[in-house]
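*Asks:* For reference, the chains in residue letters:
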Amino acid sequence: MSEKLIDSGNNAAAMAVQLAAAEVIAAYPITPQTPLTEKLSELIAAGKMDAEYVAVESEHSALGVCIGAASAGVRAFTATSSNGLLYMSEQLHWAAGSRLPLVMCVVNRGIGAPWSVWNDHQDAMSQRDAGWIQIFAKDHQEIVDMTLKAFRLAELVHIPVMVNYDGYYLSHTYMPFELPDAQTVREFLPTYDYAHTLDPEKPESLNTVTLPDARNDINGVKQPGYMDIRHNLHQEMRLALQVWEEIDADFQQRFGRGGTPILDPYRCDDADFVVVAMGTLANQFHDVVDRLRDEGLKVGVLALQIYRPFPTAIIAEALQSVKAVLVYEKGLSYGNQGALYADLKSALYPYPNRPQLHNFIVGLGGRDIGTEDLYQTLKTACLQEALGTPEQNDTPQWIGLQL
Amino acid sequence: MPDSRFKVLTSASTSGPGDAGRTGSWRVERPIIDYSRCTPAKTGKASCHLCWLYCPDNVVSKTLEPKIDLEYCKGCGICAEECPVKAIEMVSEEQFVKGGEDE
Ligand code: SF4
Ligand code: SF4
Numbered sequence: 006m007s008e009k010l011i012d013s014g015n016n017a018a019a020m021a022v023q024l025a026a027a028e029v030i031a032a033y034p035i036t037p038q039t040p041l042t043e044k045l046s047e048l049i050a051a052g053k054m055d056a057e058y059v060a061v062e063s064e065h066s067a068l069g070v071c072i073g074a075a076s077a078g079v080r081a082f083t084a085t086s087s088n089g090l091l092y093m094s095e096q097l098h099w100a101a102g103s104r105l106p107l108v109m110c111v112v113n114r115g116i117g118a119p120w121s122v123w124n125d126h127q128d129a130m131s132q133r134d135a136g137w138i139q140i141f142a143k144d145h146q147e148i149v150d151m152t153l154k155a156f157r158l159a160e161l162v163h164i165p166v167m168v169n170y171d172g173y174y175l176s177h178t179y180m181p182f183e184l185p186d187a188q189t190v191r192e193f194l195p196t197y198d199y200a201h202t203l204d205p206e207k208p209e210s211l212n213t214v215t216l217p218d219a220r221n222d223i224n225g226v227k228q229p230g231y232m233d234i235r236h237n238l239h240q241e242m243r244l245a246l247q248v249w250e251e252i253d254a255d256f257q258q259r260f261g262r263g264g265t266p267i268l269d270p271y272r273c274d275d276a277d278f279v280v281v282a283m284g285t286l287a288n289q290f291h292d293v294v295d296r297l298r299d300e301g302l303k304v305g306v307l308a309l310q311i312y313r314p315f316p317t318a319i320i321a322e323a324l325q326s327v328k329a330v331l332v333y334e335k336g337l338s339y340g341n342q343g344a345l346y347a348d349l350k351s352a353l354y355p356y357p358n359r360p361q362l363h364n365f366i367v368g369l370g371g372r373d374i375g376t377e378d379l380y381q382t383l384k385t386a387c388l389q390e391a392l393g394t395p396e397q398n399d400t401p402q403w404i405g406l407q408l
Numbered sequence: 019m020p021d022s023r024f025k026v027l028t029s030a031s032t033s034g035p036g037d038a039g040r041t042g043s044w045r046v047e048r049p050i051i052d053y054s055r056c057t058p059a060k061t062g063k064a065s066c067h068l069c070w071l072y073c074p075d076n077v078v079s080k081t082l083e084p085k086i087d088l089e090y091c092k093g094c095g096i097c098a099e100e101c102p103v104k105a106i107e108m109v110s111e112e113q114f115v116k117g118g119e120d121e
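Here the protein sequences line up with chains A and B, keeping their order.
Whatever position you read off the first sequence (first residue = 1), add 5 for my numbering.
Whatever position you read off the second sequence (first residue = 1), add 18 for my numbering.
Derived by calculation from the structure, the hints in this document are not laboratory data.
Think of the CB as a built atom: it goes at the ideal place given N, C-alpha and C, for glycine as much as any other residue.
Among the hints, a few may not be true.
If the Cβ cut is set under 7 Å, some of the chain B residues that face chain A in the computed set are [unchecked claim]:
#1 T28
#2 G34
#3 G39
#4 E100
#5 S110
Calculated Cβ distances over 10 Å to all of chain A for the following chain B residues [said to hold, decoys possible]:
#6 R23
#7 V26
#8 T81
#9 E112
#10 Q113
Model the full structure from these sequences, guided by the hints.
*Replies:* What follows is the structure, given as structure tokens:
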């Protein structure tokens, strides 16, 4: 039987991992992720979860243990935040290059220096090119559902998946959500099977020094070179979008929730102006959109649910004929612009009637995001008559600075 | 189980000499086995073969007198380190050049 609960986002994630029957958990505590793995260790200690909890001395080791477990044919899970994710960086690339179907929750937090324990998206954004699939949840129900779907996705496409959710906004707040029935989850999520599971009966050289050129192995079988392997990772990551949609459709049939695997639009149908945002920020915009709609402005908000692979064509199709796209984000590529903004701009470039684009940076290191500020900046952008120079239009605006 | 649309291409091959190219050219020290100390060679019984097991380039043969394929042996010295009876000595390649015995 499914169960209705009110609990924290971290506990919601832990219960989803329990339902997914992960067999190895290796993690190092870091705020605001810690309660998630504490909960998992409690479940394991109480005998409610049949898994091995490996206490490690660092995040680098945490992902290393998961890589080992996944290679040995076991479903593994870790979680981290901020500098912990960065400490894993080398292993992130390794897991993706080895095509290991791992799942990790990243409870998004600003990166030091200076130290911050509060939320923004810079941690995940900085790892966008590691070859991991990155999805973003907006509430507790999505944390549960996306985590379950993430295991299925990772194991079907053999690409690791990061489930991102906002530190404190979701990790430490309590919200109602439904926890699916264990038997139905078992039917949804087949047993773990890695394509290159270590097997003494069938020894393989795995990810050793791989030559630039393809070569024949000792059996005369042509083996790809580095570039070929990387090309396929890219191609299959693009193809993973389709699989993600199929998984969502199947999930919806079984559990009755879903339908927005890639984009989650709110009042976008006839909108002239569309806000694009990820995570809880997109939900915060619902009130702003309602208020501006009451004032007669045709505004909507589009939540981007999956950031890597970037749904280039899908999002460009959705936005190509609106007047303006307003990208609000909690991170940036320092010295350039918001990374999401730059991605959207590039996705829309091939469309001749592409909209105007504006970039807003908000909430870094937990700076309060006033709904009033969102309302004012969005309204100003919508009513803006004369456009500035191309350079002015393309420069990110910082909201809520206290300089 | 991967979806059939996915090739899941990673660097995986049947282990064997040459997996990482002509690694013999990397070598600065050459492993020389003293068969008078090597257990299987001495006893004439298939045993030990830790050098074969540990060699990261799969270039040691699993024979009573283990033979090393110098075309691919990179000279890492792991076999010498692992040999329980210290039958393998790592000898500078310079010696073979000077002595005109280079491969
Ligand atoms: S030194 Fe020994 S272990 Fe290293 S490659 Fe040569 S034979 Fe193998
Ligand atoms: S490890 Fe030493 S003793 Fe054992 S087979 Fe190799 S050379 Fe001989």
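*Asks:* Confirm or reject the statement that B:E112 sits farther than 10 Å, beta carbon to beta carbon, from all of chain A.
*Replies:* 25 Å, holds
*Asks:* Using 7 Å as the Cβ threshold, decide whether B:T28 counts as touching chain A.
*Replies:* 5 Å, holds
*Asks:* Checking hints one by one. Is B:G34 an interface residue toward chain A, by the C-beta closer than 7 Å rule?
*Replies:* Hint holds; B:G34 Cβ to chain A Cβ min 3 Å, cut 7 Å.
*Asks:* Does B:Q113 really sit off the interface, with its C-beta more than 10 Å from all C-beta atoms of chain A?
*Replies:* 27 Å, holds
*Asks:* With a cut-off of 7 Å on the beta carbons, see whether B:G39 makes it to chain A.
*Replies:* Where the cut-off is 7 Å and the nearest Cβ of chain A is about 5 Å from B:G39, the hint holds.
*Asks:* A cut-off of 10 Å on Cβ-Cβ distance, and B:R23 was said to be off the interface with chain A. Does that hold?
*Replies:* Label violated. Min Cβ-Cβ 6 Å, cutoff 10 Å.
*Asks:* Verify that the Cβ of B:T81 lies farther than 10 Å from every Cβ atom of chain A, and report whether the claim holds or is violated.
*Replies:* For B:T81, whose nearest Cβ neighbour in chain A is about 17 Å away, the distance exceeds 10 Å, so it holds.
*Asks:* Is it correct that the beta-carbon of B:V26 has no partner in chain A closer than or equal to 10 Å?
*Replies:* With a cut-off of 10 Å, B:V26 comes too close to chain A, as the shortest Cβ separation is near 4 Å.
*Asks:* Per the CB criterion, is B:S110 less than 7 Å away from chain A?
*Replies:* 24 Å, violated
*Asks:* How about B:E100: closest beta carbon in chain A under 7 Å, or not?
*Replies:* 18 Å, violated
Violated hints, in rising order: 4, 5, 6, 7; the structure is consistent with all others.
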